[in-house]
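Residue-level listing of the chains:
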Amino acid sequence: MRKSTLLNLLAVLILVMLAACQPAAAPTEAPPEAGPVTLNALYMNQAGYSDTILLDMADQFHKANPDVEVNFTFVKYDELHDKIVTSAAASTATYDVILLDLIWTAEFGHKGYVIPLDDKITQDIRDDIAPAIFDAFIYKGKTWAFPFLANFQCFFYNIDQLKQAGFDAPPATLEEWYDQMVALKEQGIVTYPYIDSWNQKEGLTCDYVRTAAEFGGDLFDADGNPVMDQGAGLKALQFMRKLVDEGLADPASMTTDEPGAMNAFVSGAVTFNTNWTFVRGNMLDPEVSTIVESARTGLIPPAEGVSAPAGSISGFQGLAIMANSKNQDAAWEWIKFATSPEVQGQHLESEFPVWTSVQNSEEEKRINPDAGFYATNLANVRHRPKVHNYPQVSTIIMEDVHRCLLGEMSPEEATADMVTRIKALD
Amino acid sequence: MAESVVRRGKAGLLRVGRRRGEQRFALALMTPALLVTLLVTLVPLLYALYLSFHKAEIVVVGGRGGLLTEFAGLKNYLYFLRDSRFWYSVRLTSYFTITSLLIEMVAGIGMALVLNEEFFGRGIVRALFILPWAVPTVVNARMWGLIFEPHAYGALNGLLQTLHILGPTETLNFLAPIPIFQNVPLLGEITSWLGATQGINWLIIGDTWKVLPVVALLTLAGLQTIPRELYEAAEVDGANAWQRFWLITLLRLRPVLVVILVYRTMELFRVFDIIYILMAYTIPVLAIETFRQAFVFGLFGKGSAIAFLIGLLILLVAFIYIRLIYVEE
Numbered sequence: 006m007r008k009s010t011l012l013n014l015l016a017v018l019i020l021v022m023l024a025a026c027q028p029a030a031a032p033t034e035a036p037p038e039a040g041p042v043t044l045n046a047l048y049m050n051q052a053g054y055s056d057t058i059l060l061d062m063a064d065q066f067h068k069a070n071p072d073v074e075v076n077f078t079f080v081k082y083d084e085l086h087d088k089i090v091t092s093a094a095a096s097t098a099t100y101d102v103i104l105l106d107l108i109w110t111a112e113f114g115h116k117g118y119v120i121p122l123d124d125k126i127t128q129d130i131r132d133d134i135a136p137a138i139f140d141a142f143i144y145k146g147k148t149w150a151f152p153f154l155a156n157f158q159c160f161f162y163n164i165d166q167l168k169q170a171g172f173d174a175p176p177a178t179l180e181e182w183y184d185q186m187v188a189l190k191e192q193g194i195v196t197y198p199y200i201d202s203w204n205q206k207e208g209l210t211c212d213y214v215r216t217a218a219e220f221g222g223d224l225f226d227a228d229g230n231p232v233m234d235q236g237a238g239l240k241a242l243q244f245m246r247k248l249v250d251e252g253l254a255d256p257a258s259m260t261t262d263e264p265g266a267m268n269a270f271v272s273g274a275v276t277f278n279t280n281w282t283f284v285r286g287n288m289l290d291p292e293v294s295t296i297v298e299s300a301r302t303g304l305i306p307p308a309e310g311v312s313a314p315a316g317s318i319s320g321f322q323g324l325a326i327m328a329n330s331k332n333q334d335a336a337w338e339w340i341k342f343a344t345s346p347e348v349q350g351q352h353l354e355s356e357f358p359v360w361t362s363v364q365n366s367e368e369e370k371r372i373n374p375d376a377g378f379y380a381t382n383l384a385n386v387r388h389r390p391k392v393h394n395y396p397q398v399s400t401i402i403m404e405d406v407h408r409c410l411l412g413e414m415s416p417e418e419a420t421a422d423m424v425t426r427i428k429a430l431d
Numbered sequence: 510m511a512e513s514v515v516r517r518g519k520a521g522l523l524r525v526g527r528r529r530g531e532q533r534f535a536l537a538l539m540t541p542a543l544l545v546t547l548l549v550t551l552v553p554l555l556y557a558l559y560l561s562f563h564k565a566e567i568v569v570v571g572g573r574g575g576l577l578t579e580f581a582g583l584k585n586y587l588y589f590l591r592d593s594r595f596w597y598s599v600r601l602t603s604y605f606t607i608t609s610l611l612i613e614m615v616a617g618i619g620m621a622l623v624l625n626e627e628f629f630g631r632g633i634v635r636a637l638f639i640l641p642w643a644v645p646t647v648v649n650a651r652m653w654g655l656i657f658e659p660h661a662y663g664a665l666n667g668l669l670q671t672l673h674i675l676g677p678t679e680t681l682n683f684l685a686p687i688p689i690f691q692n693v694p695l696l697g698e699i700t701s702w703l704g705a706t707q708g709i710n711w712l713i714i715g716d717t718w719k720v721l722p723v724v725a726l727l728t729l730a731g732l733q734t735i736p737r738e739l740y741e742a743a744e745v746d747g748a749n750a751w752q753r754f755w756l757i758t759l760l761r762l763r764p765v766l767v768v769i770l771v772y773r774t775m776e777l778f779r780v781f782d783i784i785y786i787l788m789a790y791t792i793p794v795l796a797i798e799t800f801r802q803a804f805v806f807g808l809f810g811k812g813s814a815i816a817f818l819i820g821l822l823i824l825l826v827a828f829i830y831i832r833l834i835y836v837e838e
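Keeping their order, the protein sequence lines are chains A and B.
To get the working numbering, take the position in the first sequence, counting from 1, and add 5.
To get the working numbering, take the position in the second sequence, counting from 1, and add 509.
Just chain A, same shape as in the assembly (with noise of 0.2 Å):
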């Protein structure tokens, strides 16, 4: 090959390198969309509404819209993050809109992948969505999602099994919610009498904040400094070390993931399990479960003292817009329908609703007789921290909580190594 040919060659590749090495380009506005437009979204296909109701959703929005089509993708959870950043990266995004999970509302909001969507959000839908579900996607007095699941967790306990012991009704405290699980395992109905997913995972800090939550308290500050070392999150620390020491917790919980501990929950190996609300579905599906007549979803017990009448966790997802999406007019109208009451009341059988008038109507009480739980559940949700790098900060969380329960660290010297990592953090 000529030398020419070589330098040619090569110039093109540095050419190519150097285009792909610019950093973040000027500010520009994405011109606004003209004529037909298919908007792409990114879903998860594991939890919330299922595939087929979102293409129905989007069926319906098609018809009153003709000039809009929603194309899916749909994806496992884990994958949304990694898809969402790399959509970011490009000058125009692949997808218009995305599933936010609330732990992403600060690093979204903060690193502008989102756009906020506060001048669309009109006083008479903040009234009707209570302020613990929108709480969530608000990072530096913006709005960066709109609710579209109210996931949480609840606690689901097999009434059999607890009548076996000698209980009649579920723990309304966690010293008795112990003292049940003590029974259990002494009377031998079953070797753990809990299971949850305590595996090196998001779960795990779920986990860790809904505990410090039934002890009534946070991990952060309001400044959002750590705390965990003291207060509610040392306590919840503690308990959660107790239950595995004493054989209480089942040890599968350290190598198991939500889906894994309904398994074992709706198998009847285990008495008590909390968890996110798809456990309700699973347990009462006498395709999956074995204990369809004895599950019973309850309040999570808070402990004595703690005026609230259960601790919980938020598990939020909501819709965005991305900030590099040719079609942001056009995503807001199709959030605007997917998350309306009107369409959240016809799948009242599959999801939770975020509308307080919807999950106050009779319709709710006729599909879902635990709905009161249900509410007094999400009423009551802690958040986990809104900071921008919460992914660092939740890794640590899990590390050291994960190392205190396989006994390799105190509660209290977790706790204080989670605090000094958090705080060296950039």
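Do not take every clue at face value.
To be verified - Per the computed footprint, the stretches of chain A lying under chain B, defined by three or more beta-carbons under 8 Å from a beta-carbon of chain B, are:
#1 76–90
#2 95–104
#3 109–121
#4 142–153
#5 201–210
#6 266–279
Hints in this document: simulated from the structure, not taken from any laboratory.
Ideal Cβ placement from N, Cα and C applies to all residues, glycine included.
Following the hints, complete the assembly by docking chain B onto the known chain A.
Quick look at chain B alone, frame taken from chain A:
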């Protein structure tokens, strides 16, 4: 004489000219493929190298997305080299790699020796034993997840209960992240330091099941190149089976073994699927750390740096293999 020299010189020049023409034609044919390879391999590689010396994060400004970079020198590399968690990941990955390699090599050579012998149905067995290799890695991970499930409905627990090895309410948590020999003084400390847990050992079994056929197949290909006469001559000279294996088979397999070792070390050092799917972040091998830095934390500079550190480690191991094992024919 002089005329013939000139003629030879002309013919030589013609030959050289024709060869050059052929080379040019071959290069022209290869150029599209070469360009694609450069674009999808070399450019990303150089770009990742560039990123590894920068603080890089994805931002969207004014409706356009892009990567914001800031020169960081060696900071990203030094961050890992000074981080005890990185070195724990190195030890953990090394344990996974070495243990898997030992099992794969011993079992793979054993399988290949058997398959190299004449027996009834050898063709069918050779075709069937490659099947695990055809199972996608994610399916393999999920399958072993069902086998190792820690409750009575787990396949292995169910089997052990049916065989009365376990009691009716007894179950084993195979994937428990408990260090092996943890109660044995010194040994327990070493396994803890290495990250050698009961869980990782069972995962090694699951991973090895899938890749063993390919190791055996490559070894079998090597075995078939060894002339029968060598064994016959050795037998005449009085060499026993062990000596024949050690001095002929293994010695002759060296070039193939180097290829297998380098290939498998690269694969094992990058292990991700089975560990991430079944254990999430509980076993932080190097590939999981890379994924976490780049895609979970969004720190693409650090993610690139750790990827290059893994590459360097693999290069080092490959170099050692070649120096120790490879001999010129």
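Hints, verified against the model:
Residues of the segment 76–90 of chain A lying with their CB closer than 8 Å to a CB of chain B number 3, which satisfies the three-residue condition for coverage. Counting residues of the segment 95–104 of chain A whose CB lies closer than 8 Å to any CB of chain B gives 4, so the stated coverage by that chain holds, three being the minimum. Evaluation of the coverage hint for the segment 109–121 of chain A: fulfilled, as 4 residues show C-beta separations to chain B shorter than 8 Å, against a requirement of three. Counting residues of the segment 142–153 of chain A whose beta carbon lies closer than 8 Å to any beta carbon of chain B gives 0, which falls below the threshold of three, so the coverage claim is violated.
Given a C-beta distance limit of less than 8 Å, the hint that chain B covers the segment 201–210 of chain A holds, as 3 residues qualify and 3 suffice. Counting residues of the segment 266–279 of chain A whose CB falls under 8 Å from any CB of chain B gives 4; the rule of at least 3 is met.
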